[in-house]
Amino acid sequence: MSLLHIFFWFLTALALFSALMVIISKNPVHSVLWLIVVFFAISGHYILMNAQFLAIVNLIVYAGAIMVLFLFVIMLLNLNKQTEPQKHIWLKFSGIIAGGCFLLSVSNVIYNAQNTTLELSKKAVLMGEGNIGLIENLGKKLFTDYVIPFEISSVLFLSAMVGAVVIGKKN
Amino acid sequence: MPVQYYIYLALALFSIGIIGVLTRRNAIIVFMCVELMLNAVNLLLVAFSKVHYGAAYLTNKTTDAGIDGQLFVFFIMVVAAAEVSVGLAIIVMLFRNTRSVDINFLNRLKN
Amino acid sequence: MSKLIIFLVPLLPFIGFLITGLGRKFLSKTLTAVITNGTVLTSFIISLILFFDVKATGGKVYSAFTFINADAYKIDFAFQIDQLSSIFLLIITGVGFLIHLYSTAYMNDEKPDHYARFFSYLNLFIFSMLLLVMGANYLIMFAGWEGVGLCSYLLIGFWYKNNNYNYAAKKAFVMNRIGDVGFLIAIFWLLAKVGTLSFQEVFSEPVLSKLSQADITGITLFLFIGATGKSAQIPLYTWLPDAMAGPTPVSALIHAATMVTAGIYMVARSNVLYSLSITTQHILIVIGLATAFLSATIAIKQNDIKKVLAYSTVSQLGYMVVGLGVGAFTGAVFHVMTHAFFKALLFLGAGSVIHAMHHEQDIRNMGGLRKKLPITHITFLLACIAIAGIPPFSGFFSKDEILAAAYAKNPVYWIVGVITAMLTAFYMFRLYTTTFLGTYRGTKEQESHIHESPKAMTIPLLVLAVLSVVAGFIGVPQVLGGSHELHQYLAPVLTSEKAIHLEHSTEYMLMGISVVVALLAIVFAINKFSKKPEMEEPTGFGKILANKWYIDELYDTIIVKPVIALAKFFKNIVEKLGIDGLVNNVGVFVQYAARQLRLVQSGQVAGYIMIMVLSMVVFVLLWFYDTSILKLVEKLFY
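Chains as they are written, first to last, in the working numbering: chain A, 2 to 172; chain B, 711 to 821; chain C, 58 to 695.
In short, the hints are calculated from the structure, not lab data. As the structure is a computational prediction, the values presented were derived from the model and not from experiment. Hints are not guaranteed to be accurate.
[What the hints assert, rightly or not] DSBU-like mimics (lysine-lysine), calculated; alpha carbons at most 35 Å apart, straight line: (1) 555/C x 250/C; (2) 771/B x 123/A; (3) 364/C x 218/C; (4) 124/A x 688/C; (5) 93/A x 688/C; (6) 618/C x 600/C; (7) 628/C x 501/C; (8) 168/C x 555/C; (9) 428/C x 466/C; (10) 227/C x 625/C; (11) 227/C x 86/C; (12) 123/A x 429/C; (13) 771/B x 27/A; (14) 466/C x 364/C; (15) 589/C x 466/C; (16) 771/B x 88/A; (17) 27/A x 170/A; (18) 112/C x 227/C; (19) 600/C x 364/C; (20) 142/A x 124/A; (21) 771/B x 141/A.
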């Protein structure tokens, strides 16, 4: 088992465990912190796949900006106590069943797809190599082929900003 | 690394996100679960992008096949950031009106 | 004869119907009377021409156009003018015209629009009746048949503000419908078996050979069911006495002279078929005799002047059916003719009396009208003698011919017939005596108004009286030195009639007995009722007769009440619980389901998401495992 595999399994286990902790934690602040751990694990996966730009952006945007925003709101609203009203136990149970059904049915589909003409088992992810995840290549592509979506996304940001201000404003 | 490992991982994260949405009442946690699901999809996109790249890389070392997948991830992050800003604003307003972030108060759809 | 003239015969009354019916708000009484009487009179004149034409050249079929042309079936709108129909044409238009004339005076109290309505109905009736008689196939005949039924209904219920009259009209209509169904079934049967309805074709040898004995018996029986409805035979006769609710001229025209003889005409027209079925003939004889006898007994105890005449009509129709049954088709037609004269006369006379007495119909309140209504009295007396069968009046010849034929078939039939004849003479002279002889028994106020009717009413009476007296001479049998011209005239149509062979001495004896019996009954009736009319309510057996053998009550119990009970059952159980229940429960279920489904629309975001996830699961399964799911379903259900 190579170092790559060790990292892969470690990060996978970390991501799944932290994700579970996000939904299990009673305290919202803990959830936020566990979610940041998930994002770090996913960024680790990106680095394993040599998608360095996305790994960093993921950390900066998600873990850095978005999650801080979450924390900020929780602190602002003073929700960092275990005040959340709990759902009825049957509702929780049925939610888990529904999610489990989804997991099972889709994973069954994937499992069956391994041996079909799709030959999923023969498709491998190129690890550690390749330079498409580097900032230089992504930047070139982004400012040539994808320049229009890129510029339009700035409009999206503007409208989101305006919307957030309008909604958040006291009326 | 076989691609189905990544698929299973992304699927597991996505399902955990679904279960979180279905079982929690705190609107902020629900929102975080949505972010988790988005990230699962991002992970899957990057994995697929590398699959395509890997297939093309065998014959052409300078190819940029699969780069679109990573750009999609970039745009998803952009949209997610915008969505979070608006969503959190809504939650703040909800809290301001009901003194709670319980999603059971989000039942205005009924009328 | 040109086609146009033939078609004018029924068309003229129809035009009269249209003019007076549509213009009833604008036409004056005089104009209405002129139009309607004129059309019928013209028809009568044309009928006369036709009669002589037929006499000279024989019968013929005139086709206007193809009425129904479907696959193998081709039915023409055609009229058949032959010996039989020309006789009926004369009766219908002749008596019809006299009664039109009579009605101009009789209905003079009505408002102009009702007056016009009455005459338009009468014209429509004449039209329908002519259609019935002239039709060259069963379909045209049926059209006329339905038309006269409709007019009968309209005219019985003419005074529609009286609900009892409406009930009588409804009863007549429903009873007739029952018979009509039989007629229709016969028509369909015939059409299915031989593919044609035309008289000429049906009665021809090659077509008849297509019919089995069972077919002929069935068709004739169903036709006869139609005849029992229209011609008021047991078991469908009860509508006719109730039909007296209509104005008296209507009773005279429709319910005595013409419409009720439609059944007789139809059977006579189909004589070829009837002569082929022994079973049907026996049924005809039995029903005819039973009807004749039963209604004669009922007539004895009736006190309404029109009711007596109504039962008398039923009884005489029974005679005609017996005549048809024993194969004396000429006799039956002969009796139709003479009966049309004297019964129309009797009804018109009764109408004259009723008119004079200001709508008093109970003979117990009359009496002694002999001096006050001389013309009515004389004509009424002549008609009574005619119907009683005293020679040489018309009724004698026609009735005797039927009785002689019945004797030739079986003496028992003859005995019942003679007893009925005796009863006829008895109740007719009971009626005559109570009404015209003795002393006046009505109120003073009525007495002061009693007067002889105007000329428009007395002239028809006189004409009909003459006809009642002399009409018999066209059918004087050979045994009395005559040549029976009617028989010779009708022979080409009534081909299946076999001559009866009786010894001359036997015939003399039969005539003698029936005349003597009738005379005895007359003398007895005059003696019994001229001094002391029957005033008190009858008791014992008389009460049963006065209540018409309780036939109406019987029908009420065994038919009407069960039908109403069935209708109630359907209304309360099937309709309310079944159909309404189904409809309402569907509504209730939808409401319930909606109320339950509304809970799903809770507005709870979490609930929506849950449903969304489950739906995604379902879609994934359906998308990727559709074949496996189908196999599973097959395993589960097959």
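These are the hints, each one checked on the structure:
no.: 1; hint: 555/C x 250/C; in the structure: 27 Å, holds
no.: 2; hint: 771/B x 123/A; in the structure: 21 Å, holds
no.: 3; hint: 364/C x 218/C; in the structure: 21 Å, holds
no.: 4; hint: 124/A x 688/C; in the structure: 31 Å, holds
no.: 5; hint: 93/A x 688/C; in the structure: 34 Å, holds
no.: 6; hint: 618/C x 600/C; in the structure: 24 Å, holds
no.: 7; hint: 628/C x 501/C; in the structure: 53 Å, violated
no.: 8; hint: 168/C x 555/C; in the structure: 53 Å, violated
no.: 9; hint: 428/C x 466/C; in the structure: 46 Å, violated
no.: 10; hint: 227/C x 625/C; in the structure: 20 Å, holds
no.: 11; hint: 227/C x 86/C; in the structure: 29 Å, holds
no.: 12; hint: 123/A x 429/C; in the structure: 129 Å, violated
no.: 13; hint: 771/B x 27/A; in the structure: 50 Å, violated
no.: 14; hint: 466/C x 364/C; in the structure: 32 Å, holds
no.: 15; hint: 589/C x 466/C; in the structure: 42 Å, violated
no.: 16; hint: 771/B x 88/A; in the structure: 55 Å, violated
no.: 17; hint: 27/A x 170/A; in the structure: 30 Å, holds
no.: 18; hint: 112/C x 227/C; in the structure: 41 Å, violated
no.: 19; hint: 600/C x 364/C; in the structure: 16 Å, holds
no.: 20; hint: 142/A x 124/A; in the structure: 25 Å, holds
no.: 21; hint: 771/B x 141/A; in the structure: 18 Å, holds
Checked against the numbered hints given earlier, this structure breaks hints 7, 8, 9, 12, 13, 15, 16 and 18; the rest are met.
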